[in-house]
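Each residue of the first sequence is one higher than the one before, starting from 1 at the first, in my numbering.
For the record, the hints were derived by calculation from the structure and aren't laboratory data.
Heads up, the beta-carbon is just placed ideally off N, CA and C, and yes, glycines get one too.
A couple of the hints might just be wrong.
The calculated SDA-like cross-link candidates involving lysine to any residue, where the alpha carbons are at most 25 Å apart (straight line), are [stated by the list, open to error]: (1) Lys-247 - Thr-165; (2) Lys-280 - Leu-114; (3) Lys-318 - Lys-373; (4) Lys-318 - Gln-294; (5) Lys-255 - Leu-203; (6) Lys-226 - Pro-472; (7) Lys-315 - Val-436; (8) Lys-280 - His-266.
Label pairs and their calculated CB-CB ranges [claimed, not checked]: (9) Gly-35 - Gly-188: 44 to 50 Å; (10) Ala-34 - Asp-143: 33 to 39 Å; (11) Val-436 - Lys-247: 29 to 35 Å; (12) Glu-197 - His-265: 15 to 21 Å; (13) Lys-278 - Glu-394: 51 to 57 Å; (14) Val-437 - Pro-275: 45 to 51 Å.
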Amino acid sequence: MVEYSSPNTNKPLHLGHIRNNLLGASVSQLLTSAGYQVHKTQIINDRGIHICKSMVAWKAMGNGETPESTGEKGDALVGRYYVAFDTTYKKQLAELIASGIHEEEAKSQVPIQLEAQEMLRAWEAGNETVRALWAKMNAWVYDGFAETYQELGVSFDSYYYESDTYLLGKDIVDQGLSSGMFLQKDDGSVWCDLSDEGLDEKLVLRADGTSVYITQDLGTAVLRYKDHPDMNGMVYTVGNEQDYHFKVLFLILNKLGYNWASQLHHLSYGMVDLPSGKMKSREGTVVDADGLMQEMRDTAQNIASSLGKLDGLDKQEKNELYRHIGIGALKYYILKVDPTKRILFNPKESVDFNGNTGPFIQYAYARIQSIVKQSNNLKGNIYMEITLDQKEKELLKWLELYPQTIQNAAEQYSPALIANYVYELVKRFNSYYQKVVILSDDEHTRQFRVRLASQVGYVIQSGMGILGIECPEQM
RNA sequence: GGUCGCGUAGCUCAGCUGGAUAGAGCAUCUGCCUUCUAAGCAGCCGGUCAUAGGUUCGAUUCCUAUCGCGAUCACCA
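Take the sequences, apply the hints, and build the full model.
Encoded structure:
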């Protein structure tokens, strides 16, 4: 089972989520190619103070707006009210401070913040009005997310909602207490002593008996193994800022005696940063996923129309093509980088379409298909003696490495290895293509070269498929 | 401060588990479209692989230290 995505339901997805989704989806595909049966899942953070903030702001300022009434994507609408909350919060805080209240004290008195906290309490108490509003606004967000996922080309086999699972894990804490793995302090809080592992004590249950993050994760891990008893491994696609959390989580599960704890893997990836530093939604320094994808499509369209190679296609076919090329460029750009390394994304420098890029590879594929179509009178197996060109030898050698590359990439959970392999393959092929005429006049030579090209095309398509990138027949 | 991760060309990155003159792309410059799609190919320029030690026949790769950058060390998720 591979888990990825894990969005909060109070704002639209951004570039960080794109990396998460692409990695998770691609690793799933990679593991499938390596022979595993994969189940893709996501956990959705649909409850908490963040969504309450959007709810409070929408109630106060929304005038009953809906995605239908504004024509806006649902997640964008809810995100707008999250921002509105923050704006109001800052304004009210400034007013309090101006009236002579100390900053620390003022922070605990901001009216809209108190409202949000009150709403969270009402939500937890099961208040029907609050729950209804919550369900309505989350539904808007899910519709918006669904659009984004579809555009991005990622999918899931199942969903876990935090509102269903946030109370899980308490049984496990009880078990831990009775087995002596956990200890309870005087105030009632429960801890796991990890000092023998060189770590500190870790809180697993609050003094008031409520769950913390790790309590839930203990619970959902056990739940997932109950839901999928045959499962022999689980991959958590989560940023490396949570390395410590997962280290602790796996250790505790191991201490509790779950024999599958050793099969858990944290697919830890680097953050996507901007030249200005970390993306912060509150400061508006995020690269919006939908906006970026649209930009990529537009760029693909601009390049294609200036090259004018697509005259034979109708409008719908062209749009599909722009999507495959634009999104392909984005996916390749993200996935070609070693997952463990952070990505520096400069919005001012658009993603390339030349060089080591998705379109470069797609283009090679399209040229190959064009050749194969012009020579579709291939006969059965032919044994022939031909002298191999040096570049043909290199190509054949490289093609042979593909299966092993998949295995290595799967072992390392690294789609980047596939991307680099395919890039090297295409480099070799392009060089060959330049040097040699594939549609040779000599029948035997032509047969061989077309087959070789066709095989290269097959591997390109397969490799790009692992990255979730379509290879158009023409571009 | 403790822990973890990262420092390779002006920029973005490869370098597969230690092996020969460290490779690409972008950017600058130079060639190549009346034969299969020039989103391509060929070439020029560009590196003290952060620094200093150590292990080894051999280190960008492994170890240690130092410097720099980032993350984390919440009764937030």
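**Item:** Those earlier numbered hints the structure runs against, lowest number first
**Value:** 6, 7, 11, 13
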